[in-house]
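Novice: What follows is the residue order along each chain.
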Amino acid sequence: MLRYALRRLLWAIPTLFGISVVAYLLTTLIPEPPPEPLATQLAMLERDPASFDAYEESRRERLLDLPRFVNSMPRDVRTVATESVAHIVANDLAAPLAAHRLARIGGAVLPFVLPELDQLEPAARSRVALALAPIADRMGQGDDARVRDPQLAAAFWTQFWQDRAIEFTGPAVARAVARLVQRATTLREQDLRAVDTFALPEVIEAMRTTTDPAAIGRLAEVASTVTGRDIRVPDAAASASASDVARNWTSWWSVHRTEYTAVEGGERVAASLSETRYGKWMLSASRGEFGVSVRDGEPILRKLRASAPITLALTLVSLLLSYLIAIPLGVIGASRRGERIDTTMALGLFLFYSAPTFFLAQILLHLAPEASGRWRLVFAVLTMTAGSVATLSRFQRASMLDVLHSDYVRTARAKGLPKWRVLVVHALRNAIVPTVTLAGLQLPLLFGSAIVVEEVFRLPGAGFETMRAVEAHDAAWLVMVVLFTALATMAGLLASDVAHGLLDPRVRERLMRREGRT
Amino acid sequence: MSGERPGSFARAFLFLAGRRGTAAFTVLLGAFVLVAVFAEQLASDLPILCKVHGTVYVVPNVTHPPGLQGWNVQRVVAEGDWSLGPVVGYGPEDASAAALVPPLRTVHHPLGTDARGRDVFSRLVYGTRVTLGIALLAVTAFVSIGLLLGATTGFFGRRLDFAVSRVIETLSAFPVPVVVLVVQALVVDPGITSFLATVALLRWTEVARLVRAEVISVSSADYVLAARALGASPLRVLRKHVLPMAITPAIVAGVLGIGQVVLLESSLDFLRVGLPVTVPSWGEMLSESRDHFEAWWLLLLPGSLVFSALLATNAVGEALRDALDPHGV
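Chains A and B, in that order, are what the protein sequence lines are.
With numbering that gives the first Met the number 0, letter number 404 in the first sequence gets 403, and the count goes up by one each step, no holes.
With numbering that gives the first Met the number 0, letter number 236 in the second sequence gets 235, and the count goes up by one each step, no holes.
Isolated chain B, as found in the complex:
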C-alpha cells in the first residue's frame, strides 16, 4: 500500500522509551532464549550436581545416568551425601503433587500446579523451549524458502518470476491460521511436523515478496550496474551486491515471524488442535485453563508469556526495520 510508512509504531515507541525501550525488549527476548536453552538447570527431577553413595554426578539432570535411575531431587536430598538442585525439583511430566495448587503456597511449587498435579513453573520453562523451538524452526524454514525464491525470481526474472508471482498470489489468499487449523484437523497424525510444514508452505510468500521487491530495486542501482560493467558474473553480483541489501527485509520478517508463529501455535493449542497434549507448551496450559476456570494462574501465566513474546518480537522487529532500512525515516 502506498501510504504506509514502516515502523511508525517502533519509532513512536523508541521516542517514548528512548533506546532503553528496545534494549529492554531485546533483553526479554534473550531471556526467553536462555530459559529455553537452560531449561534443565531451572527445573528438573534430578539435581545439577550431586554425590550419591560415594559417586559424584555432574549434570545428571541433562545426562540421566543409569546410576540414578528411579531417583529424584527429593530422594537425593534425603539419601545422598550432598547435592545442588535446580530452582524447582520437578520435571514437566512429574505428576507428584496435589492438583491445582495456587502459586506462592508451597516452596516446592512456586507457581503452583496444574490439574494433573504437574509443576507449573517447570512446564512453563519447558514450554518456552518447545514453543520457541517450533517458532525458530518454522521461521528458519519459511525465511529460507522466501529468500531463495524471492532472490532468484527477482534477479533472474522473466518466466520464473511470472510463475512464482502467481503462486505467491494464490498462497497469500489463504489466511494462515484458518488453513493451519483445518490441516491439523484433517491430517492423519496432527503434530509438530504437520504444523511446521503448513506454516512453512504458507508463510514464505510474504518474505519472497519483500525480498523480490528489494532485489529488483537494488538490481537497477548504479553500483550494481557498475559491478556488471566491470565484468562481475551474475552470481557474484547477486552474492556480493544484491543479497546483502535484500536480506534486510528477510531478517525483519523473520523476527516478526517468531512472534506470529508463537501466537499461532498457542492459539491452536488453546483451541486444542495444536500439538499433542503430552508435549509441554504454553498453549497446552492455556487450553487446560478453559476446563478449570478457578485456576486463574493457568491462564494468566502462560498467557502473559505469549503476550510478552509477541511484544518483544514486534518491538525488536520494528526497531530493526527502522535501523536497517536505509531509505526509511
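Next up, chain A with everything else stripped away, as it sits in the complex:
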C-alpha cells in the first residue's frame, strides 16, 4: 500500500509542474506595457534621473526585463558592467543611460570595470572614470578633487583599485558584516560603506539569519544608504517591524540579486531557468508569496487567511450534510429498486441534479430577502448541499446495487437475518467505501459553487472576495485562487485513490496490478 501511495505521489510531480505552468500562463493574459523607446528614456533621464530609475525599477519588479521560460543569456552585474562600459567607450546615444546605470548599481560594478580601465584609450578611460564619480561620493571619497577632474579621474580610480582591491572580496566583506552585526560603531559601518553595493549579498544574508532587531536595523541602514531604497527600521522599533523590514529586503533581493552579483559556472546553468519570469514567479509562489492585491496593497495570503474560514466552513458543512442525506437515500433507493419510492426519489434527485446553483440560490433569496446573516448562511449551505446530495446518492445507490447482488449478501439473507441488518451491517459497510472516498473529488466542485452562493447571499468568504477581485482585475488574487483550487483537486484525487485502496483490499490489488502493467 505504501508503495502504491508513494508511486502516486511521484506521479503527482509532473502534474504539479504542469499545474504551475498553466497557472503562470494565466498571469500572462494581462497586457504588459512595451519598453519605452531609447529617445524617451534619454529624455526621462535628462529631465529627472529619479523618474528614469522608477521606470527601470517598475519593469524589473514586474519581471518585464526577463524572458518567460528560458533565459539563454542571464544578465548579471558582469554583463551589465561590460555592456555599459562598451556604450560609454563608443560614446553612442545610449552612453548617458549606461553611465547612469553604472552609477546606480554602484560598488558592485567596480571589480568588473576598474581592472580593465588601463586597457582603454585615454579619452574613453576618462569618460568611464567620470561616470563612476557618484559611486565615489557614496563611498565617502567624494572630497577627493581628482574624482571630478577629467584629467585625473582615471588615475584616481587606478590608484583606488591598487589600494583597495583587497577589500572587494567576499571574505573581507563577510568579516565586516559579522563585526557590524555584533556591535555598532561608526567605523564598522564605514567599512561597509567603503565597498558600497558590493556588500549587499553579505548584508542581506546576515539580515536573513540574524534575529537581533538592532542588528537588522544597522544592516537595513547600510542597505538603504547604498541602494537609495529607503527601507529602514524606525528607531526604538519592536522586533516585529524589524523582521518585516528583513523580509522586505530579502524579497527585494530575490528580484534584484543578479543586478549586484555575478552568476558563475554551474549557477549560470541554473540561472537560465531561474532567471526567467516563470522561474521567479514559481519560486516566490512556493514560498507563499503571491504578491499584494491591487485593490488595497494587502498581501494576498493575509486576505486569504481572513476570508477562507467562511468558505471552508460552508463547503465542509454542506459536504457533511450531503453525506448524511445522500447515504440513506441511496440505500433506500437500492433496497426498494424499481418500487414507487425509488422512482419518485430518482425523479426528485434528477431535478436537483440539473438545477443550476445560482437559480436555486437566487430563488431562496427572493423567498426571504430580509434574512439575517445566520439565515443566509443556512440558505447557502442548503443550496450547495442540493447539488451534491443528488450526485452522492446516485453514486451510493449504484454501489449499493453492486453489493446487493453479491453472494455474501445472499448468504446473510438466507441465514434469515432481519432485512435492515443485512442492508446496514453487511451491505452498506462495503458499499459506503466508494461514496466516502468521493469526498476528495467533491470538495473542489463545492468551491466552485461557493463562489456563486457567497456572491448571492453576500457572505464575505473567499468566493465573495474572488468576485471583488474579478471586478478589480486583481490578477494576484485570481491566479492564487486557480492555483489553490487546482492543487486541492489534485490532492483530493490523490487522497480519494489512496483512501479507497486503504479501505478496500480488492481495489488496492487492482490498482497495483494496473500500475505494474503501465
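One thing to keep in mind: the hints can contain errors.
What the hints assert, rightly or not - Across the chosen pairs, the derived CB separations fall in these ranges:
id : chain 1 : residue 1 : chain 2 : residue 2 : range
1  : B       : Ala23     : A       : Leu315    : 37 to 43 angstroms
2  : A       : Ala261    : B       : Val276    : 53 to 59 angstroms
3  : B       : Glu92     : A       : Ala38     : 20 to 26 angstroms
4  : B       : Phe161    : A       : Arg301    : 39 to 45 angstroms
By construction, these hints were calculated from the structure, which means they are not laboratory data.
Just so it is clear, CB atoms sit at the ideal spot from N, CA and C, and this is done for glycine as well.
Dock chain B against chain A, hints included.
Specialist: Showing chain B alone in chain A's frame:
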C-alpha cells in the same frame, strides 16, 4: 471509479416515465433548436410577409431590405397595405416600451419588458440562439479535440500516449468554472472568443479519456485482431472497426456537455463576467434580475429555460449512454 454503474438516473427515470419521458425531453431539446433557428419568425421588428406602397416583401425580418429602412411592425401595420407579423413585433434590442412591464399585461409584450424597456419574449428567443449556439460551438470544439487526441493516443500509444496522459492529468485538475471566470476577468477583451477558447482547451480531457479507454479496450477485441490478421492497414482498422465503437462516449459526453456549457455560460453571465451586456442571452437577463428584485419574471423565465435545457440534455444524454452502451445494464 470502480463502483459506478452508468446511467442509473436515466434508467430509473426511464422506468418512471417509460419511453415517453425521454421522448418528451428529446422534443424539448428539439424545440430549443427550432426556436434558435426560427428566432426571426417568433420575434422581430419587421413582419414575415408584407406589402408596403405596392411592393411585396418576403421575410424582410431576415433580409432587412433597404426599402424598409426605418420601418417597424407597428408602422407597417398602420401604413402598409397588409402584413403577416411575427408573434412579437419587437427585436431583442428595441427599447420602445415602458420598463419592467410584468408578463401578461399587454398584448404587445406577452412576457413583459426588462429594465430598459426591451421585450422579454424577444430577448429570450434570441438568447436561446446565442446560448445554444455558443454551447454547440464549444461542444463541437472540445469533442473533436478529445476524439482526435483520445483515439490517436489510445490506438498508436506509447510515447505520445504518455505525454498526452500527463497533459490530461494536469488540465483536469483545473475546475473549469473557476478557470473560465478568471480568464474572463483577466483577458483584455472578454467575450465569446475567450470563453469558447478556454472551455475548449479545458473540457476536451474528459472526452479524450473516455475515448482512449474505449479505443484501448476495443483494440484488443477478437474482431479487431482478426481484421489485423487479414492485413487491414492500421488506419483502416481505426476507421472501420475502432472509431465506430469509440465514438459512443464522445457523443454522450457531447450531449451532456451542451447542458454543462449552457449552465457555465449563464452562471458567468449571472456573475457579470460572461458575454458583453449587449448580447442577448439568458444569463444577461438573470444578471439584470439581481438589480431589479421586484421583477420576478426576469429571474424565473430565463432561469427555468436554463434549468429545462439542463434537464433535457442530462436526460437525453444519460438515456443515450444506456442505449448505446453495449456492456451496460
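Novice: A separate judgement is required for each hint: does it hold in the structure or not?
Specialist: Each hint, compared with the structure:
In this structure the supplied range 37 to 43 angstroms holds for Ala23(B) paired with Leu315(A), their Cβ-Cβ distance being about 39 angstroms. For Ala261(A) and Val276(B), the Cβ-Cβ distance of about 55 angstroms falls inside the hinted range of 53 to 59 angstroms, so the restraint holds. Checked against the hint of 20 to 26 angstroms, the C-beta distance between Glu92(B) and Ala38(A) comes to roughly 48 angstroms, which is inconsistent with it. The supplied range of 39 to 45 angstroms is met by Phe161(B) and Arg301(A), whose beta-carbon atoms lie about 41 angstroms from each other.
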